[in-house]
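Trainee: Work the whole structure out from these sequences, hints included.
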Amino acid sequence: MNVLSLILFIPLIGAAITLFTKSREQARIVALVSSVIPLILTVMSYLEFNPGLAFLKFQFVEKISWISSLGINYYLGVDGISMPLILLNAILCPLTIIYAWGENKQSNQFFALILVLQAGVFGVFMALDFFLFYIFWELTLIPLYFLISIWGGPNKDYAAIKFFIYTHVASLVMLLGIFALYFSTNVSTFEIPVLLQAFSDIASPEMRAAIFLALFFGFLVKMPTVPFHTWLPDAHVEAPTAGSVLLAGVLLKMGGYGLFRVLLPMIDGLGPYRSDIITLMAVLAVVSILYATFLALAQRDLKKMVAYSSVAHMGYVMLGAAALNFMSVSGAMFQQFSHGLITAVLFMSVGVIQHSAHTRIIGDLGGLAHKMPKLAFLMMGGFMASLGLPAMSGFVAEFLVLTGSYITLPVFALLAMLGIVATAGYHLWAMQRAMFGSYNEKLGDLHDLAFYEMMPMAILVLLVILFGVYPGPVIDIFDAASRIIPGVI
Amino acid sequence: MSIINLMSQFAPELILTIAALAIMIIGLGLGAQEKRVLGYIAALSLVAASMIVILRGVGYVQLEGVIADSLTIDPMSQFFKLTFLLVSLIVVIASIKEFDNHSNQDEYYTLILLGTIGMMVVASAVDIVTIFIGFELASLSTYALAGFNKKDPGSIEAAIKYFIVGALSSTLLLFGLSYVYGMSGGLTNIGELAVFFSANPGVIQTPIGIMALMLIVAGFGFKMALVPFHMWAPDTYQGSPTVISALLAAGSKKMAFVAAFRVLLIAMIAIKVDIALVFAILAVLTMTIGNVVAVSQRSIKRMLAYSSVAQAGYISLVFVVMSPEALTGGILYVMSHAFMKTGAFIAVAALGYVLLKENSDAKEVDHLDRFAGLGKRSPFLAFSVMVFLFALAGIPPTAGFVSKFYLFYAVLKGGFLGLVIIAILNSALSLYYYARVVKYMYVLPPESPEKMKLPIAYTIAILLALIGVLSIGILPEPFVNWAASAANVIGL
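Residue numbers (my numbering), protein chains in the order written: chain V, 4 to 492; chain W, 451 to 942.
It is possible that part of the hints are untrue.
Calculated cross-link-like contacts (lysine-lysine; reagent style DSSO-like; alpha-carbon spacing at most 27 Å) [unchecked claim]:
1) K25/V <-> K901/W
2) K165/V <-> K826/W
3) K445/V <-> K377/V
4) K813/W <-> K601/W
5) K25/V <-> K826/W
Just so you have them, the derived chain W footprint on chain V, three or more residues with Cβ under 8 Å [what the hints assert, rightly or not]:
6) 69-75
7) 137-144
8) 147-154
9) 157-164
10) 169-176
If you're looking for bench data, these hints aren't it; they were derived computationally from the structure. Here the structure is a predicted model, which means the values were calculated and not measured. All C-beta atoms, glycine included, are put in the ideal place defined by N, C-alpha and C.
Mentor: See below:
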């Protein structure tokens with residue numbers, strides 16, 4: 004069996020076993036083991052991976068005929084665009100499981116769902132057949148729907164169903180785009196690389212633009228980009244911490260991944276609509292960055308603030324993609340990777356605060372650092388990375404995106420830079436009011452991080468610093484990939 | 451063709467006939483307690499018949515002779531026969547517990563087998579008279595089955611509504627078919643009718659021809675429960691014993707589709723355009739109204755009934771597109787829907803059975819509230835219901851997704867983007883009411899903390915449907931190929 008299939012199916016098998024465990028102890032051990040094995044396999048394949056191979060030269064390829072009459076195959080493979088994201092998913096999942104070590108409500112189902120979610124995300128990043136891609140894309144909805152609706156907050160019903168239907172509709176629009184691409188190209192296969200190469204041969208430019216927009220819509224909602232972001236804050240606020248971590252950490256990355264995997268290679272084929280669509284992407288990106296940043300500034304709920312900061316940070320991914328030069332594109336890809344790590348720390352911090360102080364309202368907190376020094380330290384790390392402090396991975400990503408974007412989209416890059424100021428503002432302000440100053444005695448006696456909470460957060464902060472100081476291992480791969488995407492200059 | 455040869459070709463039907471007669475005779479000598487054995491006989495005969503259909507495969511057999519001119523054996527008939535046999539098998543297995551100790555079990559199983567034979571006759575029929583006979587055999591059996599709970603006024607009401615509407619639709623259909631017979635100068639064979647109408651397309655353009663067409667469409671429309679001919683379906687599905695609702699929604703309704711595929715697509719191929727517009731309107735109305743009304747239902751049986759109406763709307767897109775791919779998608783959809791719907795109804799029946807066992811005065815055992823906390827009380831039942839409902843909504847990796855994918859693919863290939871968009875919006879809307887049941891099962895607390903003990907008969911029946919739904923979803927290739935060769939028969 005191919006290594007990618009192993010990485011993909013071990014979490015699924017683990018999920019099935021976890022479901023039948025009898026106690027919390029068994030459930031979490033089985034879950035941890037079944038997410039650590041894919042991590043080991045991923046790291047091994049990462050070391051073996053050759054970033055020098057050109058775009059559309061996939062590695063670790065596996066192809067089995069599935070529905071031959073439609074040209075559908077079980078077709079897996081990775082290249083520079085997907086490999087680091089697979090690594091991200093492989094890292095985040097075991098850390099999330101460790102963080103949720105104390106989960107005692109139906110814990111076997113809880114851990115099983117996390118594993119299913121992980122498998123779905125792996126599948127999206129590995130699939131090279133649109134049918135398979137769509138199946139995994141949809142498969143990720145179900146576990147998250149349950150994670151929100153069973154373990155969620157007071158308004159979970161609304162948030163879960165809104166998430167499910169909103170993103171399902173977007174997926175269906177994407178499916179229409181896939182069908183349209185399939186029919187317009189006459190290559191009789193659902194293989195993504197083949198369809199992408201055939202895209203520019205479609206005669207009608209209107210048809211090409213329509214296909215592009217349909218796929219774009221699917222990715223926009225997933226990322227999410229303003230104005231299609233409204234499901235996200237609701238989902239985050241109601242989701243349990245582990246759900247939020249995976250939602251922001253890897254699920255949103257599926258949308259960004261779609262940009263690089265599917266849309267950028269198409270962009271030169273758009274013909275007369277090319278510049279209009281690039282402008283549209285840039286406008287959406289800048290609106291997302293500014294609008295979400297200012298909303299974050301206005302939030303009283305710490306978790307909602309972090310949720311809006313995710314929307315803004317994903318805006319940089321879109322901006323980098325729209326700018327279409329290899330610096331901005333590799334920066335955008337790196338932003339995906341880096342934001343996955345950083346946002347996990349942020350949501351974990353908020354989760355700890357919620358858990359021990361029983362509130363997330365910034366105004367009701369205050370001086371937590373006195374009682375929770377470890378949390379304060381790690382949370383500070385996350386916040387600094389999120390606002391883009393040098394020597395943290397967030398800085399590398401944003402620097403590359405903004406510098407790169409300035410070359411091709413100067414006006415938009417300058418507007419986006421305005422967002423950085425406000426980003427620093429809300430992070431520091433929230434930190435100052437929640438963590439520092441005098442202790443709010445109403446909160447009672449708080450306990451600091453448990454070991455299982457501290458360990459994943461500490462690992463993540465270390466990784467954020469490591470990739471901030473030495474981004475080479477990841478960014479070289481992205482850089483090589485971005486240079487050979489057609490359309491990127 | 452010798453009579454022996456002919457009999458061997460129709461061995462599945464003969465086995466069921468013999469079993470039906472045997473059940474009736476053996477039943478005379480048994481007390482209510484012992485009559486359970488009749489269910490096993492019925493199940494065995496269905497298993498044997500299905501095995502023969504499967505072993506015979508998808509081949510095409512040329513039949514000749516007096517009877518055989520009206521019947522055929524081709525991939526289409528085999529595909530639908532297998533669908534009907536499996537649906538009946540699942541229903542019979544579930545009934546073994548549902549009607550345990552019932553004094554009329556002999557009639558019950560006989561009627562199910564006779565109904566199945568009727569459906570199989572329709573699947574094989576290439577003659578409008580034979581189709582009608584098969585239809586009536588299946589309908590008469592199911593009228594009685596719908597009213598099988600004699601003491602329940604709901605069941606009686608269901609049966610009466612079903613009977614009156616069924617009789618009316620049969621009349622309309624017969625009326626329309628008799629015009630066709632007259633116009634063609636006495637032809638009943640579908641193939642010959644097709645030749646006649648394509649040679650004389652003017653005949654159907656006359657007022658009487660259009661009248662005939664409308665009558666046939668209305669006749670089939672009632673049977674397929676297309677809006678606006680659907681009014682009977684929710685009441686009948688809700689009032690009937692739940693296992694019979696499964697048979698009605700997954701079996702006898704699908705019979706109407708195979709007949710419509712043969713009659714409308716083959717015999718009326720010359721007048722393609724006129725039918726396409728009518729069916730486009732019917733399909734859009736059916737899926738939209740079915741889904742919109744389903745949203746407000748609190749009774750799961752009623753919700754499933756409206757969802758069944760909506761799903762019929764998707765399938766009837768085949769009559770609009772009229773391409774081999776669309777027909778393949780439609781045929782695949784029929785089998786997928788048969789598994790999903792049977793499974794869902796049987797699961798509701800199982801829940802009702804257990805609830806009544808716990809408390810014989812339990813009311814509204816199919817109400818949404820009864821599903822609260824089912825995930826804790828019976829993980830297997832809740833998981834199965836979830837799979838069936840997500841399959842109905844078209845979430846991968848289930849039969850519902852594959853068949854919707856194929857059908858929408860084909861409709862798009864036919865160039866009907868607008869229809870696909872409407873269907874897709876409907877599909878998204880349907881997710882709301884399916885997911886709501888799932889939410890009730892897994893999120894809300896149960897009414898009673900005790901674990902549910904599910905009788906083994908239900909478990910087997912649900913498991914069979916589950917295997918069907920998942921195997922089409924995960925390994926669709928053989929089913930798609932079979933459906934494609936079935937669609938080939940029509941020669942669009």
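Trainee: All hints, please: hold or fail.
Mentor: Here is what the structure says about each hint:
Of the supplied pair hints, the one linking K25/V and K901/W holds, its CA atoms being roughly 15 Å apart against a limit of 27 Å. Distance hint between K165/V and K826/W is fulfilled; the C-alpha atoms sit about 25 Å from each other, no more than 27 Å. Under the criterion of a C-alpha separation no larger than 27 Å, the hint pairing K445/V with K377/V is consistent with the structure, at around 21 Å. Annotation: proposed proximity of K813/W to K601/W holds, straight-line Cα distance about 15 Å (limit 27 Å).
Of the supplied pair hints, the one linking K25/V and K826/W holds, its CA atoms being roughly 14 Å apart against a limit of 27 Å. Proximity of the stretch 69-75 of chain V to chain W, defined as three or more residues with a beta carbon under 8 Å from a beta carbon of that chain, is established by the 5 residues found. Only residues whose C-beta sits within less than 8 Å of a C-beta in chain W count toward coverage, and the stretch 137-144 of chain V has 5 of them, enough to reach three; the restraint holds. With a threshold of 8 Å between beta carbons, the proposed coverage of the stretch 147-154 of chain V by chain W holds, since 4 of its residues qualify and at least three are required.
A count of 4 residues in the stretch 157-164 of chain V with a Cβ less than 8 Å from any Cβ of chain W is obtained; the coverage claim is therefore met, three being the minimum. Figure legend: the stretch 169-176 of chain V, annotated as covered by chain W; annotation consistent (4 residues with Cβ-Cβ distances under 8 Å, at least 3 required).
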